[in-house]
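Colleague: Chain by chain, the residues:
There are 2 protein chains.
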Amino acid sequence: MNEPTAPARRPGGRTAEVRRRVLAATRDLLVERGFDALGIDAVAERCGVHRTTVYRRWHDVGGLLADVLAQAAGDDWTPPDTGSLAGDLVALNREVHSALTTGPPITGALIAASFRSARAAEALRAFWDDRYARCAVIVERAARRAEIPGRTDPRRLLVAATAPLYHELVLLRAPFTAGQAETAAHDTAAGARAGAFTVPGPA
Amino acid sequence: MNEPTAPARRPGGRTAEVRRRVLAATRDLLVERGFDALGIDAVAERCGVHRTTVYRRWHDVGGLLADVLAQAAGDDWTPPDTGSLAGDLVALNREVHSALTTGPPITGALIAASFRSARAAEALRAFWDDRYARCAVIVERAARRAEIPGRTDPRRLLVAATAPLYHELVLLRAPFTAGQAETAAHDTAAGARAGAFTVPGPA
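Top line first, the protein sequences correspond to chains A and B. With this note's numbering, the residue at position 49 of the first sequence is 49, and numbering never jumps. With this note's numbering, the residue at position 26 of the second sequence is 26, and numbering never jumps.
Because the hints were derived from the structure by calculation, they are not lab data. All C-beta atoms, glycine included, are put in the ideal place defined by N, C-alpha and C. Each hint should be verified, as a subset may be incorrect.
Unchecked claim - Label pairs and their calculated CB-CB ranges:
1. B/175 to A/74: 22 to 32 Å
2. A/200 to B/55: 52 to 62 Å
3. A/45 to B/82: 56 to 66 Å
4. A/45 to B/77: 47 to 57 Å
5. B/83 to A/195: 17 to 27 Å
6. A/147 to B/37: 46 to 56 Å
7. B/130 to A/147: 32 to 42 Å
8. B/129 to A/15: 45 to 55 Å
Unchecked claim - Here are a few chain A residues that face chain B, going by a calculated C-beta distance under 7 Å:
9. 155
10. 159
11. 164
12. 167
13. 173
Please build the complete structure, drawing on both the sequences and the hints.
Modeller: Structure below.
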């Protein structure tokens, strides 16, 4: 995406720049003032892009939120690769814990918005499905290293490792430390080594 | 709570009857029309109780939702007792799966409402904390039967068993069958038997 002929401009040109500004304003407004404050007019005013431009491309709040998540899913994120299943899951859970507890609470705000907008809900599911698919390599590498059975189901294992963080922090709004997130990773790795998360059939 | 001297009346007398009607109307409106349709006036009209009565006792939507959850928490529910850890967790996850997928979607609606009302969020957390505390006996019985180590943490194990259901069905809105819920229970039991969910120290 780099444009070496226009070094002073950000990559992607004017359309990409407008998108960046509009989505940044959407995220900022969502975090600062919540779903009810979101609207084409508020976003346009915040980022200095003409409301007609925002309306034409994103249509409504659902379109804005879906594109925030599509932008997040479109990055080149790769899962941690530490050399062991437990190490990879600990690093992954540290990332999830950090996303849920530090900095602007955009993840929590997007989850809350998914209960208000069907398009945001669809986009959030697509985002998570993509992340879990990318993380399957963690489980596949562990199976190749013979840490766990070859017929271990990646999604079941990955959801088991990460779901307690969302459950405690997002749904129960309970205190849940980074240490507890690491413990959840170790619990899941221990279960996987003992044959949990396997599918029937020959190894 | 039975009142044998007044067999024609429901237990608890008129105050309890008003509460039952008001909370039933709150649940019905929440499920049918969502959080935005909830209000003292709408609830009062729905159940035929004077709005002043509703206002005086519950104050606002947060008060109504908190009492719906307090009423649910005040039941005499006890966790399943099937004779094995896996059996108890399977039965528990069947209950959670059923609550999330069949009948009026009151659980999902209350979770959604918890993102709109701080009082509903607090009450939801108290409800879940109470349920997990009641379920600790599942883990304690399994430890007494020597199925799992004696220093297994009940809450960690119980959240590991149930969190995937909330994650897939409520947050990701992904298809997740009763069979998958049972598999999550078996995965957790297998991990616990292998020593996951233990706390440091002597057994």
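Colleague: So, for every hint listed, does it hold in this structure?
Modeller: Here is how each hint holds up against the structure:
1. Here the CB-CB span from residue 175 of chain B to residue 74 of chain A is close to 25 Å, well matched to the stated 22 to 32 Å.
2. Evaluation of the 52 to 62 Å hint for residue 200 of chain A and residue 55 of chain B yields a pass: the beta carbon distance comes to about 58 Å.
3. The supplied range of 56 to 66 Å is met by residue 45 of chain A and residue 82 of chain B, whose beta-carbon atoms lie about 60 Å from each other.
4. Judged by the Cβ atoms, the range 47 to 57 Å given for residue 45 of chain A and residue 77 of chain B holds: they are separated by roughly 50 Å.
5. Checking the proposed 17 to 27 Å range against residue 83 of chain B and residue 195 of chain A shows it holds: the Cβ atoms sit about 22 Å from each other.
6. The given range of 46 to 56 Å is respected by residue 147 of chain A and residue 37 of chain B, whose C-beta atoms sit roughly 52 Å from each other.
7. For residue 130 of chain B and residue 147 of chain A, the Cβ-Cβ distance of about 38 Å falls inside the hinted range of 32 to 42 Å, so the restraint holds.
8. The beta-carbon spacing between residue 129 of chain B and residue 15 of chain A, approximately 49 Å, falls within the hinted interval of 45 to 55 Å.
9. The interface hint given for residue 155 of chain A is violated, since its Cβ lies 9 Å from the closest Cβ of chain B, which is over the 7 Å cut-off.
10. Evaluation of the residue 159 of chain A hint against chain B yields a held restraint, the C-beta minimum of about 5 Å falling below 7 Å.
11. Annotation: residue 164 of chain A was flagged as interfacial toward chain B, and the flag holds, the nearest CB pair being 5 Å apart, inside 7 Å.
12. Interface hint status for residue 167 of chain A: upheld, as the beta-carbon distance to the closest one in chain B is roughly 4 Å, under 7 Å.
13. The beta carbon of residue 173 of chain A is positioned within 7 Å of a beta carbon in chain B (closest approach about 6 Å), and the interface hint is therefore held.
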